[in-house]
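Student: Starting from two chains that each stand alone, build the complex the way the hints lay out.
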Amino acid sequence: EAGVVQSPRYKIIEKKQPVAFWCNPISGHNTLYWYRQNLGQGPELLIRYENEEAVDDSQLPKDRFSAERLKGVDSTLKIQPAELGDSAVYLCASRSNYEQYFGPGTRLTVT
Amino acid sequence: GQSLEQPSEVTAVEGAIVQINCTYQTSGFYGLSWYQQHDGGAPTFLSYNALDGLEETGRFSSFLSRSDSYGYLLLQELQMKDSASYFCAVKIHNTDKLIFGTGTRLQVFP
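From first to last, the protein sequence lines stand for chains A and X. Following the numbering used here, the numbering of the first sequence begins with 5 at its first residue and continues without gaps. Following the numbering used here, the numbering of the second sequence begins with 160 at its first residue and continues without gaps.
It should be emphasised that the hints constitute simulated quantities derived from the structure, not laboratory data. Computed from a predicted structure; not experimentally measured. Incorrect hints may appear among the rest.
Said to hold, decoys possible - For each label pair, taking beta carbons as the anchor points, the in silico distance ranges come out as:
hint, chain 1, residue 1, chain 2, residue 2, range
1, X, 176, A, 70, 24 to 32 Å
2, X, 172, A, 78, 21 to 29 Å
3, A, 88, X, 174, 30 to 38 Å
4, A, 16, X, 211, 46 to 54 Å
5, X, 211, A, 12, 38 to 46 Å
6, X, 269, A, 76, 32 to 40 Å
7, X, 176, A, 56, 42 to 50 Å
8, X, 174, A, 68, 44 to 52 Å
9, A, 75, X, 182, 35 to 43 Å
10, X, 227, A, 16, 19 to 27 Å
11, X, 174, A, 22, 49 to 57 Å
12, X, 176, A, 111, 27 to 35 Å
13, X, 186, A, 35, 20 to 28 Å
Heads up, the beta-carbon is just placed ideally off N, CA and C, and yes, glycines get one too.
Bound conformation, chain X alone (with noise of 0.2 Å):
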């Protein structure tokens, strides 16, 4: 079967540096995003992963250790806004197939 775990909740300080991570267990990985989602709101996407190592995007960078079957997401220099749901979300080779993991929920504290 497949699988994704993160965090239920996490919670962090305005600007503070918080890592959500992912681990996953899946047939056919292909990849790993990023989405976030405010409450009410449409998940928006944050960043993709095929490669081992470090995507930086502004104050979010993700990491993927496929060996490890392990992802996180950094969030840097925390602002209220950035308080949402976050999933990751594993690209399923040769589909394109999305599986979302049950997400992580940011609490951002001023």
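This is chain A alone, in the form it adopts within the complex (with noise of 0.2 Å):
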């Protein structure tokens, strides 16, 4: 079984540019999930999925960050602009009962 599948691994863009990542998770799990982790830090949700539906998004900065999961399974999310603050590395999930899985994440850095 493939896990979750995200890209790109790695991203260096300017303050003020656009970004975007892209998650593919399990087959079949239908709760998705986008998370930003600090370094040194735990993972932070952003936003939680269930099939197309974003559930809960009350953490996700809505004034420069979007999400979308149009049909349901593979998922992007964007930065638009980005600032400095947003470095970090983005980690999609996809849960089946009580485990969720992760996939290897996104480095952003904003220079």
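Tutor: Structure representation (structure tokens):
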């Protein structure tokens, strides 16, 4: 069984530029999460999807962040415009029962 | 608010036993999970406790006391490959939401 796939693995951009991350969850997993993980910290939830519906986006900075999961499978997280403080690892996860399966993440560096 | 506390760092030698504690203050507590994350890697699931008591999975065990808002991860027969960060995470009732602690960095020395 393939795991959660994310791309790109690394991204370096200048501040004020847009950036997008892509995630393909494990087949059959209806729940998808986007997390942000700062260095030395635990993952923090940005948004959670049940199929194509965003059921918890309370921690998503909506002025610059957006996400979509149009067909209830893969998902895209976008930042526009990026700020220096957005530098972090962006993790995608999908769920089976009480276990979340994480992708390898995208390490974003904003200069 | 929601908060979880873990020690920031723990060191031990190969073959030893180490316990990583986690205390939490959350509303809507449903269960406690543990995840392992190697540097540059993805968090991977280790265990989940919804009821009080000890759950054992090979060299790793996890304990929960709901009345004390406390849990721990016990790692036995430590190996060098166990060097990683370990996160406790609270599952919130009636949601699929996890709130992660700040993590404990375990360093295993030969």
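Student: Now look at each hint and say whether the structure bears it out.
Tutor: Hints, one by one, checked against the model:
Between residue 176(X) and residue 70(A) the Cβ separation comes to about 47 Å, which falls outside the hinted range of 24 to 32 Å. Residue 172(X) and residue 78(A) have their C-beta atoms about 44 Å apart, which leaves the hinted 21 to 29 Å range violated. A hinted range of 30 to 38 Å is violated for the C-beta pair residue 88(A) and residue 174(X), which are about 44 Å apart. Hint check: residue 16(A) to residue 211(X), Cβ distance near 47 Å, so the stated range 46 to 54 Å holds.
Restraint check, residue 211(X) to residue 12(A): a C-beta distance of roughly 44 Å satisfies the suggested window 38 to 46 Å. Between residue 269(X) and residue 76(A) the CB atoms are about 48 Å apart, so this pair departs from the stated range of 32 to 40 Å. A hinted range of 42 to 50 Å holds for the C-beta pair residue 176(X) and residue 56(A), which are about 46 Å apart. For the pair residue 174(X) and residue 68(A), the beta carbons lie near 49 Å from each other, so the given range of 44 to 52 Å is met.
The hinted range of 35 to 43 Å is satisfied by residue 75(A) and residue 182(X), whose Cβ atoms lie roughly 41 Å apart. One distance hint, 19 to 27 Å for the beta-carbon pair residue 227(X) and residue 16(A), is violated here, with the actual separation near 45 Å. Remark: the range hint 49 to 57 Å for residue 174(X) to residue 22(A) is upheld by a beta-carbon distance near 51 Å. For the pair residue 176(X) and residue 111(A), the beta carbons lie near 34 Å from each other, so the given range of 27 to 35 Å is met.
The hinted range of 20 to 28 Å is satisfied by residue 186(X) and residue 35(A), whose Cβ atoms lie roughly 21 Å apart.
Consistency note: the structure conflicts with the earlier hints numbered 1, 2, 3, 6, 10.
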